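Construct the complete structure from the given sequences, taking the supplied hints into account.
Residue 30 in the numbering used here is what sits at position 30 of the sequence shown, and the numbering runs on without skipping anything.
Keep in mind the hints are simulated off the structure, nothing from the lab. Wrong hints could be hidden among the right ones.
[What the hints assert, rightly or not] Calculated cross-link-like contacts (lysine to any residue; reagent style SDA-like; alpha-carbon spacing at most 25 angstroms):
1) Lys-167 to Ser-7
2) Lys-193 to Lys-109
3) Lys-167 to Gly-200
4) Lys-6 to Ser-143
5) Lys-109 to Ser-143
6) Lys-109 to Ala-15
7) Lys-193 to Gly-203
8) Lys-6 to Leu-178
9) Lys-109 to Glu-184
10) Lys-6 to Gly-128
11) Lys-167 to Glu-151
12) Lys-109 to Gln-90
13) Lys-109 to Arg-156
14) Lys-109 to Gly-200
15) Lys-167 to Met-125
16) Lys-193 to Asn-80
17) Lys-167 to Leu-154
18) Lys-6 to Met-125
19) Lys-12 to Pro-22
20) Lys-6 to Pro-64
21) Lys-12 to Glu-184
22) Lys-6 to Ala-175
23) Lys-6 to Gly-202
24) Lys-6 to Phe-180
25) Lys-109 to Thr-171
[Said to hold, decoys possible] Pair by pair, the computed Cβ-Cβ distance ranges are:
26) Thr-32 to Gly-197: 17 to 25 angstroms
27) Pro-17 to Gly-65: 33 to 41 angstroms
28) Gln-104 to Ala-148: 17 to 25 angstroms
29) Gln-62 to Ala-41: 35 to 43 angstroms
Only a predicted model underlies this, so the values are computations on that prediction, with no experimental measurement involved. Cβ atoms here follow ideal geometry from the backbone N, Cα and C, with glycine treated the same way.
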Amino acid sequence: MPFFDKSQTVDKASALPGRTTPMPVATLNVVTEHSMTQVPAGMEVAIFAMGCFWGVERLFWQQPGVYSTAAGYSGGYTPNPTYREVCSGQTGHAEVVRVVFDPQVISYKQLLQVFWENHDPAQGMRQGGDVGTQYRSAIYTLSPEQQAEAESSLQRFQQAMDAAGDKRVITTEIAPALPFYYAEDDHQQYLFKNPEGYCGLGGIGVCLPPQG
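Structure (structure tokens):
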């Protein structure tokens, strides 16, 4: 069996083949009681990776203006992967949360603030004790406007880290979104179903400065 370095993302040629059949997923988010698959008119979508998706999904479903959330995988190559495959480091995917939100209530800029202030974006292929490429920090954008706002927010947060004496370089990946694949139902709204479950999410005590 070949050895895979879980601190390095796998290349496309070496990624697992996956499958053509999508993962069966529940129709409704059990917390918001809204669809996990449909995006109503007027709503927008954002995709974030901040480490283990259990805590990340809870963080976002708690935000006013968030219509629905779903745990899943993106940023890699393997179609319709399983959790076990993603954890192997052989899919290229990160654990992500797909956020459907009402921009009249919460803006993409505000979601970016939630993103930056609630995890450590300078840890490379890990988040706390969770080690592997699937735990990397990432923002996967769905429009040129999201891409520009994400890049601007990274620059501002890097400056804020520097001002706070944290001289590490942010490792967050910012890229146009590749296909999003739903995680297994066991992982959807995990911390609602398992309130005492693991959550390694935590910020570094730095705030995102407002856009000038």
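For each hint, the structure was consulted:
1. A threshold of 25 angstroms between alpha carbons decides the hint, and for Lys-167 with Ser-7 the separation of about 22 angstroms falls inside it, so the pair holds.
2. The suggested pairing of Lys-193 with Lys-109 is violated, with an alpha-carbon distance near 29 angstroms, which exceeds 25 angstroms.
3. Under the criterion of a C-alpha separation no larger than 25 angstroms, the hint pairing Lys-167 with Gly-200 is consistent with the structure, at around 23 angstroms.
4. Restraint check for Lys-6 and Ser-143: the C-alpha separation of about 30 angstroms exceeds 25 angstroms, so the hint is violated.
5. Pair hint Lys-109 plus Ser-143 holds up; C-alpha atoms about 14 angstroms apart against a cutoff of 25 angstroms.
6. Restraint check: the Cα-Cα separation between Lys-109 and Ala-15 comes to about 34 angstroms, which exceeds 25 angstroms; the hinted pair is violated.
7. Between Lys-193 and Gly-203 the alpha-carbon distance is near 24 angstroms, which keeps this suggested pair within the 25 angstroms criterion.
8. A C-alpha spacing of about 21 angstroms is found between Lys-6 and Leu-178, which places the hinted pair at or below 25 angstroms, so the restraint holds.
9. Under the criterion of a C-alpha separation no larger than 25 angstroms, the hint pairing Lys-109 with Glu-184 is inconsistent with the structure, at around 29 angstroms.
10. With a C-alpha separation of about 15 angstroms, the suggested pairing of Lys-6 with Gly-128 holds against the 25 angstroms cut-off.
11. Our distance criterion of 25 angstroms between C-alpha atoms is met by Lys-167 and Glu-151, whose separation comes to about 19 angstroms.
12. Simply put, Lys-109 and Gln-90 have alpha-carbon atoms about 33 angstroms apart, too far for the 25 angstroms limit, and the pair is violated.
13. At most 25 angstroms may separate the alpha-carbon atoms for a hinted pair to count; Lys-109 and Arg-156 meet this at roughly 12 angstroms.
14. A C-alpha spacing of about 24 angstroms is found between Lys-109 and Gly-200, which places the hinted pair at or below 25 angstroms, so the restraint holds.
15. Between the alpha carbons of Lys-167 and Met-125 the distance comes to roughly 18 angstroms, so the proposed pair stays at or under 25 angstroms and holds.
16. Of the supplied pair hints, the one linking Lys-193 and Asn-80 holds, its CA atoms being roughly 23 angstroms apart against a limit of 25 angstroms.
17. Restraint check for Lys-167 and Leu-154: the C-alpha separation of about 14 angstroms stays at or below 25 angstroms, so the hint holds.
18. For the given pair, Lys-6 sits about 8 angstroms from Met-125 by alpha-carbon distance, which is consistent with the 25 angstroms threshold.
19. This hinted pair checks out: Lys-12 and Pro-22 have alpha carbons roughly 20 angstroms apart, not beyond 25 angstroms.
20. For the proposed pair Lys-6 and Pro-64, the alpha carbon gap of about 36 angstroms is over 25 angstroms, so the pair is violated.
21. Proximity of Lys-12 to Glu-184 is assessed by CA-CA distance (about 23 angstroms); at most 25 angstroms being required, the pair is judged to hold.
22. Between Lys-6 and Ala-175, the direct Cα distance comes to roughly 21 angstroms. Compliance with the 25 angstroms bound is thereby established for this hinted pair.
23. A distance of roughly 22 angstroms separates the Cα atoms of Lys-6 and Gly-202; the hinted pair therefore holds under the 25 angstroms criterion.
24. Proximity of Lys-6 to Phe-180 is assessed by CA-CA distance (about 21 angstroms); at most 25 angstroms being required, the pair is judged to hold.
25. The straight-line distance between the Cα atoms of Lys-109 and Thr-171 is roughly 19 angstroms, inside the 25 angstroms bound, and the hint therefore holds.
26. Checked against the hint of 17 to 25 angstroms, the pair Thr-32 and Gly-197 passes, with Cβ atoms roughly 19 angstroms apart.
27. Restraint check, Pro-17 to Gly-65: a C-beta distance of roughly 39 angstroms satisfies the suggested window 33 to 41 angstroms.
28. At about 21 angstroms, the CB distance of Gln-104 to Ala-148 agrees with the hint of 17 to 25 angstroms.
29. Checking the proposed 35 to 43 angstroms range against Gln-62 and Ala-41 shows it is violated: the Cβ atoms sit about 24 angstroms from each other.
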